[in-house]
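K.L.:
Using the hints, position chain W against chain R.
Here's the letter readout for the chains.
Protein chains: 2
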Amino acid sequence: MKDIVIESAEIVAIGTELLIGQTLNTNSYYLANQLTLLGISSYHQSVVGDNPDRIINTIRAALKRADLVITSGGLGPTADDLTMELVAKAADKELVMDRASKQRISDYFTSIGRTVSDNNWKQAMKPEGALVMPNTNGTAPGAILVFEYEGATKAIVCFPGPPSELRPMFELSLKPWLEERVAYQFEHRFLHMMGIGESSAELELQDLIKSQTNPTIAPYASPGEVCFRITQRIKRNQAEPDLISPVVKEIKKRLGQYIYEDGERTLPEIVLQLLQAKQQTVGFAESCTAGMISSEFGNLPGVSDVFKGSIISYSNQIKRNVLGVSSKILENQGAVSRECAEAMARGARKTLLTDLAISVTGIAGPSGGTKDKPVGLVYLGADYQGQITTEKHLIRGNRERVRTVASLRAFHLAWRCLKEKSDA
Amino acid sequence: MKDIVIESAEIVAIGTELLIGQTLNTNSYYLANQLTLLGISSYHQSVVGDNPDRIINTIRAALKRADLVITSGGLGPTADDLTMELVAKAADKELVMDRASKQRISDYFTSIGRTVSDNNWKQAMKPEGALVMPNTNGTAPGAILVFEYEGATKAIVCFPGPPSELRPMFELSLKPWLEERVAYQFEHRFLHMMGIGESSAELELQDLIKSQTNPTIAPYASPGEVCFRITQRIKRNQAEPDLISPVVKEIKKRLGQYIYEDGERTLPEIVLQLLQAKQQTVGFAESCTAGMISSEFGNLPGVSDVFKGSIISYSNQIKRNVLGVSSKILENQGAVSRECAEAMARGARKTLLTDLAISVTGIAGPSGGTKDKPVGLVYLGADYQGQITTEKHLIRGNRERVRTVASLRAFHLAWRCLKEKSDA
Chain R
1 MKDIVIESAE
11 IVAIGTELLI
21 GQTLNTNSYY
31 LANQLTLLGI
41 SSYHQSVVGD
51 NPDRIINTIR
61 AALKRADLVI
71 TSGGLGPTAD
81 DLTMELVAKA
91 ADKELVMDRA
101 SKQRISDYFT
111 SIGRTVSDNN
121 WKQAMKPEGA
131 LVMPNTNGTA
141 PGAILVFEYE
151 GATKAIVCFP
161 GPPSELRPMF
171 ELSLKPWLEE
181 RVAYQFEHRF
191 LHMMGIGESS
201 AELELQDLIK
211 SQTNPTIAPY
221 ASPGEVCFRI
231 TQRIKRNQAE
241 PDLISPVVKE
251 IKKRLGQYIY
261 EDGERTLPEI
271 VLQLLQAKQQ
281 TVGFAESCTA
291 GMISSEFGNL
301 PGVSDVFKGS
311 IISYSNQIKR
321 NVLGVSSKIL
331 ENQGAVSREC
341 AEAMARGARK
351 TLLTDLAISV
361 TGIAGPSGGT
371 KDKPVGLVYL
381 GADYQGQITT
391 EKHLIRGNRE
401 RVRTVASLRA
411 FHLAWRCLKE
421 KSDA
Chain W
1 MKDIVIESAE
11 IVAIGTELLI
21 GQTLNTNSYY
31 LANQLTLLGI
41 SSYHQSVVGD
51 NPDRIINTIR
61 AALKRADLVI
71 TSGGLGPTAD
81 DLTMELVAKA
91 ADKELVMDRA
101 SKQRISDYFT
111 SIGRTVSDNN
121 WKQAMKPEGA
131 LVMPNTNGTA
141 PGAILVFEYE
151 GATKAIVCFP
161 GPPSELRPMF
171 ELSLKPWLEE
181 RVAYQFEHRF
191 LHMMGIGESS
201 AELELQDLIK
211 SQTNPTIAPY
221 ASPGEVCFRI
231 TQRIKRNQAE
241 PDLISPVVKE
251 IKKRLGQYIY
261 EDGERTLPEI
271 VLQLLQAKQQ
281 TVGFAESCTA
291 GMISSEFGNL
301 PGVSDVFKGS
311 IISYSNQIKR
321 NVLGVSSKIL
331 ENQGAVSREC
341 AEAMARGARK
351 TLLTDLAISV
361 TGIAGPSGGT
371 KDKPVGLVYL
381 GADYQGQITT
391 EKHLIRGNRE
401 RVRTVASLRA
411 FHLAWRCLKE
421 KSDA
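In order, the protein sequences belong to chains R and W.
Note that our numbering has the first sequence beginning at 1, numbered continuously upward.
Note that our numbering has the second sequence beginning at 1, numbered continuously upward.
It cannot be assumed that every hint is accurate.
For chains that are exact copies, the list does not tell them apart, and a pair is met inside one copy or across any two.
Taking lysine to aspartate or glutamate pairs in the DMTMM-like style, the calculated list, with each CA pair at most 20 Å apart, reads [to be verified]: (1) LYS371 x ASP107; (2) LYS252 x ASP207; (3) LYS64 x ASP53; (4) LYS419 x GLU391; (5) LYS102 x GLU198; (6) LYS210 x GLU17; (7) LYS122 x GLU202; (8) LYS122 x GLU198; (9) LYS210 x ASP80; (10) LYS210 x ASP53; (11) LYS210 x ASP50.
Calculated from the structure, these hints are not laboratory results.
Note that this is a predicted model, so its numbers are computed, not measured.
If we strip away everything but chain R, and leave its shape as in the complex, we get:
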């Protein structure tokens, strides 16, 4: 296969469900973000339905404008899954059976105890000469095809539509392939902050943001926190001086108190690693977040060493019976109060037998708010080896946002508990 240098890419999302607004196009968002991190420019994105002519025309138009065209969707076993066939046609290639893919499909169906139906074999087809990207989470493999198109070398990459299949396939197969073919490499560093608003943080860094061209400093969107990305452009395979570190040092001088991560770890990952390092355990008592904190923590591989479990105390009965919150607190101060948050944290630590217990109680809305206790009022509590911390937050937004931001704040509280004791 002829080699290629990739400076520009265009994303083509395929699927009628996107055109009729049934599915939110998170694939293009994810891919665009990944391309940006790799330093590949993108000037155009498209969405087309499951229609042969329109898919072909869109792919051809994209090939005229960009070095690389990335499609998502249309690799399923059904009759309206046409992508592989049409990509072959656009590139003027035959569609051929890939033996390894055929074997994997056969293995997959054996492993789930079902027989392969005829239309499943369709998923083993690829354009002649294409590299196959294996699918670790489904049956449809992806493909990378490099070919000559109107006198230039171009590439088309096909991904399956489900994000749970596309994302690992990008990480495992396309990303390393692209890293060998980009003209420039981009070195990124991320500074994550909590406790300061984005516009205030930007004001503090205004002069740096305006004067820097390499590295650049840009705010990076992330719900409930503030993040800045510092990016240095480097010619591929060339040793260049580290221009990022001096900028990071200056930002830390100005905003250090808000920074909880210089890197790419999320707050739950940082909390997990601190617990692992200290060989300590954690548990949660969740009311309005109703399992969101536990679920996010539980999604991290390796968490079972330090995560004992949680009590989701949606009703007062469970706050009383399982967590031991006194009826007096529930009657006098109410379930959404500093006192209740404290009692929940104490009760969770006692019941779950952990070093650290974090509690959350609040009003997620849309109903349940009063003048004194409005929607968005959230109390957090921590019991870290007997040392109690509580705090009050007022979070704006709908039910989902209140719960999401409350979860983030809970991890932030856990981090501060663990960190302060580490520093001491």
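P.N.:
Same frame as chain R, but now just chain W:
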């Protein structure tokens, strides 16, 4: 202004933040869904950055293909906000000052106690002949322009980028305008299934899918379930026979045992409504899902009437101490076993004092799997007023997918428990 009949539309989202993956394109999703509900077809969507040539080219290409082009973004006061100017250019119209918009901008700034800066007046400009759509949540008004383009009557609509401004503007201004100009309306119905694969389901319906043109039948896969959409096209303001019901009846005859919803409710919503109707309560005992089920259920407004709480028993200690799973089961059959799932469900119902308790225990991976108990092995248990059900699943995919599908299966089990007793 000449009148127009609108059968097709194309959405063009404008903004570099979309191309670099900094902002998720929820506007196109929202607009596509609204267009579908109005019976307007959409065959293509685009995203372009803040670049004059590319914006003009994209708008012109869209005008060739559709009756209506809807843009979002690029109506702000800064130098890279170019949409209104470029739409005027594409339609060959002058850009003129709109007096009412000018007044509203002046009023807005007075109301927040600021003076209007020069670049804000830019937001009062519109293509000559355009209808203005007032902005109830910001300064940038939108515009509707009908004009002749290459021998046909076309329309361009411009919306501001922030969803909080675009959505009310659509509801208040564009929707009523479109309702007077559509040729057809679409009636949709969704059938949701579980327990059958997409390709097997499609095979069962192959003859129907191929022979139907009105209504159409289209599969739509979302993780862990199968969904078919049945769509009938109806002429505006015309009474037409219901062509959907006979098709639905036929599908139910063939696949009825797998269908859990004829409508748009999700499984957790169905479970919530069944519980509300029966005035019964639920709780969960989660091990490998670690709160995902509780969190999803807890995200539904109004859940507090029926949702008491959950025990996240990640460690065996909590399975024993809080849920009362015997040491014998944990030692002999292990935490991932039918026996443990049953004991967890019994224990959860006893501790949480609910009518129904659902338990999940499994191996989410990536580590922890053995030959006998591989990654993806999940046992579910239900205790519904003393009646016990357990089941075994083998779920393929990464940690996140195993947990997501296990959660969906747990809601499916809850639904079957509640439904069977209802039917009885």
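K.L.:
Now look at each hint and say whether the structure bears it out.
P.N.:
We went through each hint and held it up to the structure:
Taking identical chains as interchangeable, the C-alpha atoms of LYS371 and ASP107 lie at most 20 Å apart only when they sit on different chains, with a minimum of 16 Å there against 60 Å within one chain. Proximity of LYS252 and ASP207 under a CA criterion of 20 Å is satisfied intra-copy only: 15 Å inside one chain copy versus 65 Å between copies. In this assembly of identical chains, LYS64 and ASP53 lie within 20 Å of each other by CA distance both inside one copy and across copies; the values are 17 Å within and 15 Å between. Taking the closest pair of Cα atoms, LYS419 and GLU391 come within 20 Å of each other only inside a single copy of the chain (17 Å); across copies the shortest separation is 43 Å, beyond that limit.
Taking the shortest alpha-carbon separations for LYS102 and GLU198, only the inter-copy value of 19 Å comes in at or below 20 Å, while the best intra-copy value is 50 Å. With identical chains, the CA atoms of LYS210 and GLU17 are at most 20 Å apart between copies only, with a shortest distance of 18 Å across copies and 41 Å within one. For a Cα distance limit of 20 Å, the shortest separation of LYS122 from GLU202 across copies, 15 Å, qualifies, whereas the shortest one inside one copy, 52 Å, does not. When the C-alpha separation of LYS122 and GLU198 is checked against a cutoff of 20 Å, the pair qualifies only between copies, where the shortest distance is 14 Å, while the shortest distance within a copy is 49 Å.
Taking the shortest alpha-carbon separations for LYS210 and ASP80, only the inter-copy value of 11 Å comes in at or below 20 Å, while the best intra-copy value is 49 Å. Taking the shortest alpha-carbon separations for LYS210 and ASP53, only the inter-copy value of 19 Å comes in at or below 20 Å, while the best intra-copy value is 43 Å. Proximity of LYS210 and ASP50 under a CA criterion of 20 Å is satisfied inter-copy only: 15 Å between copies versus 43 Å inside one chain copy.
The earlier numbered hints are all upheld by this structure, with none contradicted.
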